[in-house]
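S.K.: Protein chains in written order, with our numbering: chain H, 1 to 278; chain Z, 1 to 295; chain R, 1 to 269.
These aren't lab readings, by the way, just hints derived from the structure by calculation. Computed from a predicted model, the values in this text were never measured in an experiment. A hint or two may mislead.
What the hints assert, rightly or not - Label pairs and their computed distance ranges (CB to CB):
hint, chain 1, residue 1, chain 2, residue 2, range
1, Z, Tyr191, R, Asp222, 48 to 56 Å
2, R, Thr173, Z, Met270, 51 to 59 Å
3, Z, Ile282, R, Asp170, 52 to 60 Å
4, H, Phe113, R, Glu73, 29 to 37 Å
What the hints assert, rightly or not - Far from chain H by the CB rule (all over 10 Å, computed), these chain R residues:
hint, residue
5, Lys29
6, Gln67
7, Gly186
To be verified - Listed next, the in silico SDA-like pairs over lysine to any residue satisfying Cα-Cα at most 25 Å (straight line):
hint, chain 1, residue 1, chain 2, residue 2
8, H, Lys111, Z, Asp45
9, H, Lys111, Z, Thr54
10, R, Lys112, H, Trp44
11, H, Lys111, Z, Gly57
12, H, Lys111, Z, Leu50
13, Z, Lys190, H, Pro199
14, Z, Lys277, Z, Leu215
15, R, Lys29, R, Met177
16, H, Lys22, Z, Leu50
17, R, Lys129, R, Thr69
18, R, Lys236, R, Pro216
19, Z, Lys277, H, Ala123
Just so you know, even glycine gets a beta-carbon here, dropped at the ideal spot from N, CA and C.
Here's the letter readout for the chains.
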Amino acid sequence: MTTTEASPAVTGSAKKPSSLRKWVSSHERLLLGILGVVAVLAFWEMVVQLGWLRSSQMSSPSGIVKKARLEFVTSGRIIEYLWVTMRAYLIGLGLATVVGIPVGFFGGWSKRFAWVLEPWLAALNSVPKVAIVPLIILWLGIGQTSKVFIVFLFAVFPYAFNTMVGVRQSEAAFMDVARSFGASESLIIRTIVLPGSVPYILTGARLATGRALIGVVVSELIASNSGLGFLISIAGGTFDTALLMLCVLIVGAFGLIMSLLMTRVEHSFDKWRPEPSQ
Amino acid sequence: MDTDARRGSIAADAAILAPAPEDLAVFDAAVQTRADGPLWRRLYDDPRFLLSLTVIGFFVLWEVASQQGWVRDLFFSRPSEIVLAGIREVQKANFWTDVRISLTEFVFGFSLAILIGIPVGLMLGWFRRLGYFWDPWLRFMYATPRITYIPLLVIWFGLGISSKVALVFAGPFFTIVIGTLEGVRTVPPKYLDVARAFGANNRQLFRTILLPNTLPFILAAMRLAVGLGIVAIVLGEMYASQDGLGHMLANAANNLQSDRVLFAVLIFTMMGVGLSKIVRIIEDRVAEWKPQMES
Amino acid sequence: MAQSVLEAIGLQMEYVHPRTGRSVVAIDKLDMVVDPQQFVTIVGPSGCGKSTFLKIANGLLTPTEGQITIYGEDVSRAPRNRGAVFQDASLLPWFTVIHNAAYGLQCQGVSKEEAMERALPVLEMVGLKGFEDVYPHELSGGMQQRVNVARALAVDPEILLMDEPFAALDAQTRELMQRELLEIWGQSNKTVLFVTHQIDEAVYLSDRVLVMSARPGRLIADITVDIPRPRDLRVKRDPRFVELVGQVWDLLHSPDESLVDRERHNDND
Numbered sequence: 001m002t003t004t005e006a007s008p009a010v011t012g013s014a015k016k017p018s019s020l021r022k023w024v025s026s027h028e029r030l031l032l033g034i035l036g037v038v039a040v041l042a043f044w045e046m047v048v049q050l051g052w053l054r055s056s057q058m059s060s061p062s063g064i065v066k067k068a069r070l071e072f073v074t075s076g077r078i079i080e081y082l083w084v085t086m087r088a089y090l091i092g093l094g095l096a097t098v099v100g101i102p103v104g105f106f107g108g109w110s111k112r113f114a115w116v117l118e119p120w121l122a123a124l125n126s127v128p129k130v131a132i133v134p135l136i137i138l139w140l141g142i143g144q145t146s147k148v149f150i151v152f153l154f155a156v157f158p159y160a161f162n163t164m165v166g167v168r169q170s171e172a173a174f175m176d177v178a179r180s181f182g183a184s185e186s187l188i189i190r191t192i193v194l195p196g197s198v199p200y201i202l203t204g205a206r207l208a209t210g211r212a213l214i215g216v217v218v219s220e221l222i223a224s225n226s227g228l229g230f231l232i233s234i235a236g237g238t239f240d241t242a243l244l245m246l247c248v249l250i251v252g253a254f255g256l257i258m259s260l261l262m263t264r265v266e267h268s269f270d271k272w273r274p275e276p277s278q
Numbered sequence: 001m002d003t004d005a006r007r008g009s010i011a012a013d014a015a016i017l018a019p020a021p022e023d024l025a026v027f028d029a030a031v032q033t034r035a036d037g038p039l040w041r042r043l044y045d046d047p048r049f050l051l052s053l054t055v056i057g058f059f060v061l062w063e064v065a066s067q068q069g070w071v072r073d074l075f076f077s078r079p080s081e082i083v084l085a086g087i088r089e090v091q092k093a094n095f096w097t098d099v100r101i102s103l104t105e106f107v108f109g110f111s112l113a114i115l116i117g118i119p120v121g122l123m124l125g126w127f128r129r130l131g132y133f134w135d136p137w138l139r140f141m142y143a144t145p146r147i148t149y150i151p152l153l154v155i156w157f158g159l160g161i162s163s164k165v166a167l168v169f170a171g172p173f174f175t176i177v178i179g180t181l182e183g184v185r186t187v188p189p190k191y192l193d194v195a196r197a198f199g200a201n202n203r204q205l206f207r208t209i210l211l212p213n214t215l216p217f218i219l220a221a222m223r224l225a226v227g228l229g230i231v232a233i234v235l236g237e238m239y240a241s242q243d244g245l246g247h248m249l250a251n252a253a254n255n256l257q258s259d260r261v262l263f264a265v266l267i268f269t270m271m272g273v274g275l276s277k278i279v280r281i282i283e284d285r286v287a288e289w290k291p292q293m294e295s
Numbered sequence: 001m002a003q004s005v006l007e008a009i010g011l012q013m014e015y016v017h018p019r020t021g022r023s024v025v026a027i028d029k030l031d032m033v034v035d036p037q038q039f040v041t042i043v044g045p046s047g048c049g050k051s052t053f054l055k056i057a058n059g060l061l062t063p064t065e066g067q068i069t070i071y072g073e074d075v076s077r078a079p080r081n082r083g084a085v086f087q088d089a090s091l092l093p094w095f096t097v098i099h100n101a102a103y104g105l106q107c108q109g110v111s112k113e114e115a116m117e118r119a120l121p122v123l124e125m126v127g128l129k130g131f132e133d134v135y136p137h138e139l140s141g142g143m144q145q146r147v148n149v150a151r152a153l154a155v156d157p158e159i160l161l162m163d164e165p166f167a168a169l170d171a172q173t174r175e176l177m178q179r180e181l182l183e184i185w186g187q188s189n190k191t192v193l194f195v196t197h198q199i200d201e202a203v204y205l206s207d208r209v210l211v212m213s214a215r216p217g218r219l220i221a222d223i224t225v226d227i228p229r230p231r232d233l234r235v236k237r238d239p240r241f242v243e244l245v246g247q248v249w250d251l252l253h254s255p256d257e258s259l260v261d262r263e264r265h266n267d268n269d
């Protein structure tokens, strides 16, 4: 990495840097990150132990661990709830993929379809979907159906938009080449449009996974009798900060994992892309 | 946008999740419309006509379907009812109090996020090691949906305005910090080299290279943050509040008044669009000099 | 007399601006022929319509009037008889070099496996043996253009249509590619229609140089290049070479009076 060093450079000493020092400086980012996590956790623990923060306001890390053991090992309730949330999440996300990508494809491919579709998509996208959730629950009731539908609504837009952009930016130059050789439309789609839009679709997938998570938690928070969001609302009602933080952790960790996973998938398509210049 | 998109930066996310209406193809359709030709052909080729047709058609269909009982107006209401509900609402003093409260919460929270977020982001970006130290927490907080914090914030701040302000603060804050951070980190080193070669001090570097380069990132993050802020307001007020527009929405939903609900949705949508538009205008003003930043 | 490979008859290309209604004549009543195994270049300033001409020849644009035929068949109907080499190599980044070279054949309906088999010797001919499984981004600009040429040669066309393929290369690579192109051409005995705005490139490569003026696009001269082949790059310092370049230059930069008057007339319409 060639980012410029902001802090003044350490003046070199006469002896050669030990291999340990070299290893440390090349893994600087990772080490500092770990240090950051550990330091904050330690500070947090201390703050609660010393009583600066009451545990009714904020649980300590050790409290959360204890809670986790209680929930996971002893009671198992959380596992069941996790499973419920997962199911709604995956089904909703799957639906969004299956619907969003083709819609996006036609939006990018057909001029007229785009004229009509794109403004509608943009308009629907600017409606805060959270505000619609009560209506949907009114409509579909409390239960799996409304949850899946809400997740679908949240996740479908990134897919549609991204695919559309990906298809639309199919390089005209490539299509000129193919057409001059007399290629059929289906060959053009197969060899130019689809491969070219894969990176965009993957970006859409990454964004969609994040949004789907929000969708499922929101729907469970507002009106549900099972699932992670429901657990959060219970914990909030009983001032159980340890449980609350545990849930935050789980949701956050899940979001992070999905995001990292998708980024990795995106990068696996990198072999034919030039290295980004930095 | 290509390399940004692959690295999942805020700027790319903003471009996808919050596109501006002006970017839509329908407004720059360069179709070889024949000046002559039968009317239906000309209309079929006109993007705005097709769009207007679908929009009008949708509302007409909705109204008719509701009146005929094809769809339950309890769930969907109908355009006429929504308009009437809107007119009724607007005449209530309560409504305007609610609007005022919601706007206040949003403005406070968002301003705090900007005022604190930008300096923090600048620092974290400039002092690399400091940035690395906080990176994991930042990423974690950004990846966690703010909604999961709602009960926690209620415990800390109660049901009054402050919990909503805190909620609105949370999302945009991390977005703006990360966006600013990225902006600082991706300043092309060669600009800094040139300036240093001419003997510029840190303050000049900051003003003439860092800020201009980072500004588009900050603005893109802000655009994204507006959406997050609106969501925070809606959720916070629906779930943990006794007033505000979101509370009105939840209330109406509980009373099965879908026309009022949809009216509230409309107001929120307009808020979001209006605010994004403001950010967009600022963005365009600032972006005049940047050749490679395509929308 | 053998039938000419490519023939343009009364070609006219007009653009009408959709809103203002003004018309721009890109190509004005153009007639020309290319005979078998000739290397013909169209040279002219930017925007004179030469790229438009090639687009029509490639079947990507429909002319307002007239037509281009290849061995008598209108170009819009028979894609198999020509091979296009574009200015931008336009290699599909997600395919390997060999697949890209085979892409032209694949477009024509040949199966991928067979296309790649047939493209292999062509790759060798352009000097890229050993690079089959490399991805385009790993190649230099000159090498990418060679794949570009290989792709066009692989379909065994009646005529190669080349649109300023060396424009994006640096000066030295460009000259080397010019010489290589002549070698490949010598080996393959193809007919070539080349388009460029560089006069020395045009004279170096061709048997005939067609000079085209801008707006409206019109052929103003057909110059035979009588420098013997094979031509080394040193030929560029030959007095005859310099003379020919000068001729073309004069034609392009000081058009005769009647031409100027005619253009002024068109602008006032």
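S.K.: Confirm or reject each hint.
M.R.: A quick look at each hint next to the structure:
At roughly 52 Å, the beta carbons of Tyr191 of chain Z and Asp222 of chain R sit within the given window of 48 to 56 Å. Between Thr173 of chain R and Met270 of chain Z the beta carbons are some 57 Å apart, a value that agrees with the proposed interval 51 to 59 Å. A hinted range of 52 to 60 Å is violated for the C-beta pair Ile282 of chain Z and Asp170 of chain R, which are about 41 Å apart. One distance hint, 29 to 37 Å for the beta-carbon pair Phe113 of chain H and Glu73 of chain R, holds here, with the actual separation near 35 Å.
No beta-carbon of chain H is positioned within 10 Å of the beta-carbon of Lys29 of chain R; the least distance is around 25 Å. The beta carbon of Gln67 of chain R is kept farther than 10 Å from every beta carbon of chain H, the shortest such distance being approximately 17 Å. With a cut of 10 Å on Cβ distances, Gly186 of chain R stays outside the contact zone with chain H, its closest approach being about 24 Å. Note on Lys111 of chain H and Asp45 of chain Z: the hinted pairing holds, with a Cα-Cα distance of about 10 Å set against a maximum of 25 Å.
In summary, the hint linking Lys111 of chain H to Thr54 of chain Z is supported, as the alpha carbons are separated by about 15 Å, within the 25 Å threshold. A hinted pair counts as satisfied when its Cα atoms are at most 25 Å apart, and Lys112 of chain R with Trp44 of chain H does not qualify at roughly 62 Å. Distance hint between Lys111 of chain H and Gly57 of chain Z is fulfilled; the C-alpha atoms sit about 20 Å from each other, no more than 25 Å. Among the hinted pairs, Lys111 of chain H with Leu50 of chain Z is consistent with the structure: their alpha-carbon atoms are about 12 Å apart, no more than 25 Å.
Between Lys190 of chain Z and Pro199 of chain H the alpha-carbon distance is near 29 Å, which puts this suggested pair outside the 25 Å criterion. For a cut-off of 25 Å, the pair hint linking Lys277 of chain Z to Leu215 of chain Z stands: about 17 Å separates their Cα positions. In summary, the hint linking Lys29 of chain R to Met177 of chain R is not supported, as the alpha carbons are separated by about 33 Å, beyond the 25 Å threshold. Our distance criterion of 25 Å between C-alpha atoms is broken by Lys22 of chain H and Leu50 of chain Z, whose separation comes to about 64 Å.
For the proposed pair Lys129 of chain R and Thr69 of chain R, the alpha carbon gap of about 35 Å is over 25 Å, so the pair is violated. Restraint check for Lys236 of chain R and Pro216 of chain R: the C-alpha separation of about 31 Å exceeds 25 Å, so the hint is violated. For the hint pairing Lys277 of chain Z with Ala123 of chain H, the CA-to-CA distance comes to about 13 Å; that is within 25 Å, so the pair holds.
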